[in-house]
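J.: So the sequences go chain by chain: W and A. The numbering used here numbers the first residue of the first sequence as 7 and each following residue consecutively. The numbering used here numbers the first residue of the second sequence as 134 and each following residue consecutively.
Don't read these hints as lab results, they were simulated from the structure. Just so we're clear, the structure is a prediction, and the values are computed from it rather than from any experiment. Glycine included, every Cβ here is placed at the ideal spot set by N, Cα and C. One should not assume that every hint holds.
Stated by the list, open to error - If we take Cβ atoms under 8 angstroms as the criterion, some of the chain A residues that face chain W in the derived model are: (1) F152; (2) V156; (3) V409.
Stated by the list, open to error - Which bits of chain A does chain W cover? Going by a derived footprint, with three or more residues having C-beta under 8 angstroms, they are: (4) 136 to 146; (5) 229 to 235; (6) 412 to 426; (7) 439 to 446; (8) 469 to 481.
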Amino acid sequence: MNFEDTPEEARYRAQVRTWIADNAPDLEGLSTQERRNWHPRHKEVARRWQARKADAGYACISWPQDWGGAGGTAIQEAIFNQEEARAGVQFTYFMTGLNMLLPALLEHNRDALSLARVPPAVRGEEIWCQLFSEPASGSDSAGIRCTATRDGDDWVINGQKVWNSGAHVADYGMLVARTDPDLPKHKGMTVFWLDMKTPGLEVRPIRVMSGEAELNEVFLDEVRIPDAQRVGEVNGGWKVVISTLMNERAALGSGTGLSWRDVMQLAGSTPDGDGTVLQDPAFREWLADYYVRVEAVRLLSFRTLTSLSRGETPGPESSAGKLLWSNNTQEMTGHALDLQDHFGLLDGDEALAGGAFQHRFLWAPGLRLGGGTDEIMKNIIAERVLGLPGDIRVDKHVPFREIPHGR
Amino acid sequence: MNFDYSDEQKALKDQARRFLSDVCAPQVVRAVLEDPGRDHDAALWSRIGAQGWCGAAIPEAYGGFAFGYVELCGLAEELGRAVAPVPFASSIYQFAEALLQAGSEAQKLALLPDVASGALIGTLAFSEGPGIMSAQRLATQFSNGALNGVKIPVTDGCAAQRAVVLARNDTGTGLYLVDLEGPGVSRRSLSSIDPTRGAAELRFDNAPAEPLPGDDGLAQLARIHDRTAVLLAFEQLGGADRALEMARDYALERYAFGRQIGSYQAIKHKLADVFVKNEVARANAYYGAWALAGDAPELPLAAAAARVAASEAYWFAAKENIQAHGGIGFTWEADCHFYYRRAGHLGLAIGGRREWQRRLTDRLEASMASEQAAGARAA
Chain W
7 MNFEDTPEEA RYRAQVRTWI ADNAPDLEGL STQERRNWHP RHKEVARRWQ ARKADAGYAC
67 ISWPQDWGGA GGTAIQEAIF NQEEARAGVQ FTYFMTGLNM LLPALLEHNR DALSLARVPP
127 AVRGEEIWCQ LFSEPASGSD SAGIRCTATR DGDDWVINGQ KVWNSGAHVA DYGMLVARTD
187 PDLPKHKGMT VFWLDMKTPG LEVRPIRVMS GEAELNEVFL DEVRIPDAQR VGEVNGGWKV
247 VISTLMNERA ALGSGTGLSW RDVMQLAGST PDGDGTVLQD PAFREWLADY YVRVEAVRLL
307 SFRTLTSLSR GETPGPESSA GKLLWSNNTQ EMTGHALDLQ DHFGLLDGDE ALAGGAFQHR
367 FLWAPGLRLG GGTDEIMKNI IAERVLGLPG DIRVDKHVPF REIPHGR
Chain A
134 MNFDYSDEQK ALKDQARRFL SDVCAPQVVR AVLEDPGRDH DAALWSRIGA QGWCGAAIPE
194 AYGGFAFGYV ELCGLAEELG RAVAPVPFAS SIYQFAEALL QAGSEAQKLA LLPDVASGAL
254 IGTLAFSEGP GIMSAQRLAT QFSNGALNGV KIPVTDGCAA QRAVVLARND TGTGLYLVDL
314 EGPGVSRRSL SSIDPTRGAA ELRFDNAPAE PLPGDDGLAQ LARIHDRTAV LLAFEQLGGA
374 DRALEMARDY ALERYAFGRQ IGSYQAIKHK LADVFVKNEV ARANAYYGAW ALAGDAPELP
434 LAAAAARVAA SEAYWFAAKE NIQAHGGIGF TWEADCHFYY RRAGHLGLAI GGRREWQRRL
494 TDRLEASMAS EQAAGARAA
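Starting from the given sequences, assemble the full structure and let the hints guide the process.
T.: Below you can see the structure in the form of structure tokens.
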């Protein structure tokens, strides 16, 4: 058991820490509004940072060089990510493409058209989004109804996608569609990539309960794309989907945002009787329980690193990290508001910490839904870690078109 | 970076698991549970002693085998899994640690070799009554080379031959070594929630006692208990993992409404919740083991976190194991209550949940203050 870098890792960390300090973009010039995710000026800063990283060999560090990566190790990439987060210059715009979708694309496609999409994505010039979920296909991710019909050298796509993070700014998307409804549901799907400006494709933002609109609906009406943009085999899409989803869960469990230090500071500056909330034994007991759960997320990421450093793939036990991280965040925001008493309901200019806790309070429900709901993560743990039986599936061995469905 | 035992440590753990499954099967635990005359299994204790486990972290200079603390953590995990009815925690995580951390060279040389072989059982006596211990309420007194007072409860107080005792003195508090078989000591066995771990009252009436060096017994005790906390966290983790396995196995063999109960999400999600808490305990325990083995400055914080997480995990796993078993889990005949009892015992020994939660937050405050001070120096 060792929670320290090897001498080699420590040297690499020192090197990237210096490089980040010398090259990191300055967000000082942006207003509070402009600093929010998806603001055009915020996105522009992120794009420039990504290009600078690519020039210096710090973009896609673990990818092979012929994919446009730096040919480094997974550990180096993880160390760079940690240092980037530490410096507050980690941006989410390129993660869907670079962590989930393009590795799957490159795994299956080696044609010139597909390969041409890689360098601009690595440099942050092109953003990718995922077009998987549908109104009737959320946790049931193989239940998609969007269709792709072969017409000569093309496929014609009709249907609707939903919860597509960043689709409103994305240049390209990866989409899964039903190509044979006479096969059982996992077997009749095919994955494609497409230009988000293809005629017939319309993106409509969804306003979520916290007020943001970074999630979207995507409508596809007679969208025509060439067969060359197919990813993997016809009717072999489930394999592609699974590899991208596992990448998503590994990435989501890493943990970001407000820390126990922020809550402790908040409690220390909030009056309670003659002292502060930080002196309240009930608060102190809660903080201890909260700390061990957030600390576990940090420490469990070291297990992921350990697997990576041995050249192994992190297992399904990493689902625990995602469950913990999302629930920790929601519970913490509830507590952070409560400790302010009546004042905790304010979320504007008067709010403590600029309203950061209230903002997270309203955002937290989504963390437990996106990237695999709590319930799906628990099924994964129960079935794939503990070896309990899968649910009885009435839809598994029947042709897709015979599966009953609601609205 | 290595979030795991080494191959050698895994081999030691595997060997320990095989050994304990031979010599510490559930009927061995049950025999102690059901015999009011026994508070541990003496035969099992000597077999464990013969394996060299008692000396796993004791330096060779004091007759130990110096495998290391991570190795001792691995053994603790296996002993916890087996709910072993032996005074290992009292003698090794507490008494030996007290001598190693606070004892004089002469005391170490005189006692540790016998502790390391298992020939001598020791314990640590600190509690005196209900509630979190405080300096103000500490009544046991040391003066003129002798102790007077009552310690209750003392784990393995009847099985032990020696104890390190917390007491007040003319100037403050201190730790004192007492021969429990000597004059001025009377002791009686007490009934407890876990009869496989002995509880006792120790009464000192001018009992001759020898001070351990040092002039702040409470602070010394806290340092010793940080080390105990990490080791106990591994026993708790081992028990929690075993309770989860029992629940999983039962959920696979028990049928209701025509299917395995483990196919219902009510059971699957419950056991996934147990798994997540065990992962929280494992992560914090491993970090504690690293801090303990390297005597890292992070030890006080890591130890408190390991204890808080492990106590919660074992309690949750033990109670939900009974729940998953249904009515059979509530019977005397089923083994589920071994884990429930031990979870309760271990969660209270060396101080309960509130005490360690508060201690953890004290240390978080200290840690943040030192981070800020370091930040100010850097700026």
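J.: A separate judgement is required for each hint: does it hold in the structure or not?
T.: Outcome of the hint check:
no., hint, verdict
1, F152, "violated (22 angstroms)"
2, V156, "violated (27 angstroms)"
3, V409, "holds (5 angstroms)"
4, 136 to 146, "holds (count 3)"
5, 229 to 235, "violated (count 0)"
6, 412 to 426, "holds (count 9)"
7, 439 to 446, "holds (count 3)"
8, 469 to 481, "violated (count 0)"
Violated hints for the displayed structure, listed by number in ascending order: 1, 2, 5, 8.
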